[in-house]
Amino acid sequence: MKIAILGFGSVGRGIARIVAERETGLVITAVADSKSGCIDNNGLNPLEVIRAKEETGLCGKKGVTPEYIIKNADYDALVEVTPTNAETGEPSLGFIKLALSTGKHVVTSNKGPVALNYDELSHIAREKEVQFKYEATVCGAIPIIQTLQYGLAGNKVKKLYGVFNGTCNYILTRMADERLTYKQALLEARELGYAEADPKYDVEGIDAAIKLVILANTIFGMKKRLEDVEITGICSLTSEAIELAEADELTIRLIGEIDNERGTLRVSPRVIPKDHTLVVQDTLNAVTIETDLAGEVTLIGRGAGSIETASAIISDLSFISNCHDRSS
Amino acid sequence: MKLEIRDTPGQLVAALKPISDLGGNIKSVIHERDPLNDSGFLDVRILLEMPEGKIRTLTDSLKEQGVNVLRINEERLLIRKSVILIGHLLHTDLSDTVDKIDNTGFAEVGELSMIMPSLNEPTSAKMTIISENLTNLERAMNILKDIAEEKNILIVEPLEDF
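Residue numbers (my numbering), protein chains in the order written: chain A, 435 to 762; chain D, 15 to 176.
I should point out that these hints are in silico values taken from the structure, not numbers from a laboratory. Hints may contain errors.
Cut-off 27 angstroms, straight-line C-alpha distance, at most; resulting in silico cross-link-like pairs (DSS-like, lysine-lysine) [unchecked claim]:
1. K114/D <-> K592/A
2. K114/D <-> K31/D
3. K436/A <-> K469/A
4. K593/A <-> K165/D
5. K68/D <-> K708/A
6. K159/D <-> K658/A
7. K159/D <-> K634/A
8. K708/A <-> K159/D
9. K16/D <-> K31/D
10. K617/A <-> K165/D
11. K593/A <-> K495/A
12. K658/A <-> K617/A
13. K165/D <-> K634/A
14. K114/D <-> K159/D
Next up, chain D with everything else stripped away, as it sits in the complex:
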């Protein structure tokens, strides 16, 4: 989204705060000073992830802060699915496993947390896969299932529809 904020100290932070308050995740902030623009306002472009249906609430609260929302484009719905993986994840090249999902172009590994057990014991990890739609998420899941079978990794999937 593209915002217009007043060019005074603290305004950028004030504009970003509602995003995190609503559970959003800021991916990038581009904020360039245009020497030809002396209107006292500053254009800021923000790439962010928001929980579904929160965009309207966000724009409302930005307006309250005196921030002008110039444009919201490329609103993409993100779907995520977290699975638990159990197996010899490191010995079977974890970065290769992640790359195979990331390289699809339609899904990515958004989060990965791991608990390391004692030596030679299988590792357990929680992996979150993010995609724009359900079909692509399922495609990514199927790729992960193939990898898991090949590398002898157990996938514990969530019970659907909860």
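The following block holds chain A by itself, in its conformation from the complex:
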């Protein structure tokens, strides 16, 4: 199956490297970053494109735009891994719409368009009989979407809750283990590259809330927006609060929660027993799905990172290529 990659940052390059090194059955015919692009309908050499990007900062020729590639390159699936914009979803929303409308499958790691416009995008995909996949948008490498859509098919999900943000989990782990203050732990997370220079998006619970909105709208058929989520972040937590919890063998974690029966979404710091399955260490994510037939199912894994995100993208592509690729 032929793929075109939009966005050639660490995730885009991670995907190219996997395609170069493994038997995936995938051929990259086009790549674009924000300034340049390249097309070879017979297949690009992924390692050469990576080298060009790392040496010159450009993956191809200036003037070869994402729009040009979407319209002109020969590909079956568009891999859309441009930087995310949670407020408007642009420019990736436009790229995804354009590719779906021209009858191409789309795989994305972009939370914005999925959280904001899933109904419209899935409608276009259905009409054009193509696939729109977004496993990488929620919990990185954890196959949560696949599990909910296929693995637990036939079950009624009552509740779904867990740790959706690795940065917050790292900060809370360090506050508990080393008695660090919130500020010290945040600083450490920044130094290790786990937190952005502006950590607001993570520590205020917005990132976790967007993931809940994606699951609520795409899996449970709700019509939620970010404003519908009751959000409390971890910024006001004190080391004394964690100390009080620890005295009773408890700790504190930032928990995202979808109550499918009540139709409510909530992100908040919660007191939880230290030996609870969801108390994972460092930057890990963990999600428990409460179902009527299967009982509780918990998934634990890495929620961020370029190779982890690439893993989710490759998994979506393999699914399309195995189940839906009309060319094969």
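Following the hints, put chain D in place on chain A, whose structure we already have.
This is chain D only, laid out in the frame that chain A set:
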């Protein structure tokens, strides 16, 4: 519960011991000597809190001690929920916060432990609310949430069902 114990030294302590051994909490002990009663036995009334389902074990072990359980009345199930509060708890009148729960008549603050930080830093406290049933506990929690919003206090609730 009302007990009948032998009127000899050490018997009262022997009767109370199984309660604490089973994790119970004695709220009051009323033990009056009746001058007209010379049976050599003494009636004792005890108000206590026990973990759910332990009452039967308690009566069994009391019988082993030679204590007669005359009556168990008003068995009330107590539900508790502990939350952590973070904010300027003292500056926002902590006793008022506690009173507002205690004055409901259907719930009370059972426990409160606090860690005082340096001046002007927010205080952290663990508060346990006790009530007879889940509905009233939730009602008390909602009152606490309203107070917290008004006083700008963060409530960290337990993850349900653990």
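Here is what the structure says about each hint:
{"no.": "1", "hint": "K114/D <-> K592/A", "in the structure": "34 angstroms, violated"}
{"no.": "2", "hint": "K114/D <-> K31/D", "in the structure": "35 angstroms, violated"}
{"no.": "3", "hint": "K436/A <-> K469/A", "in the structure": "23 angstroms, holds"}
{"no.": "4", "hint": "K593/A <-> K165/D", "in the structure": "31 angstroms, violated"}
{"no.": "5", "hint": "K68/D <-> K708/A", "in the structure": "26 angstroms, holds"}
{"no.": "6", "hint": "K159/D <-> K658/A", "in the structure": "24 angstroms, holds"}
{"no.": "7", "hint": "K159/D <-> K634/A", "in the structure": "24 angstroms, holds"}
{"no.": "8", "hint": "K708/A <-> K159/D", "in the structure": "25 angstroms, holds"}
{"no.": "9", "hint": "K16/D <-> K31/D", "in the structure": "16 angstroms, holds"}
{"no.": "10", "hint": "K617/A <-> K165/D", "in the structure": "24 angstroms, holds"}
{"no.": "11", "hint": "K593/A <-> K495/A", "in the structure": "49 angstroms, violated"}
{"no.": "12", "hint": "K658/A <-> K617/A", "in the structure": "32 angstroms, violated"}
{"no.": "13", "hint": "K165/D <-> K634/A", "in the structure": "24 angstroms, holds"}
{"no.": "14", "hint": "K114/D <-> K159/D", "in the structure": "12 angstroms, holds"}
Hint check: violations occur at hints 1, 2, 4, 11 and 12; the rest are consistent with the structure.
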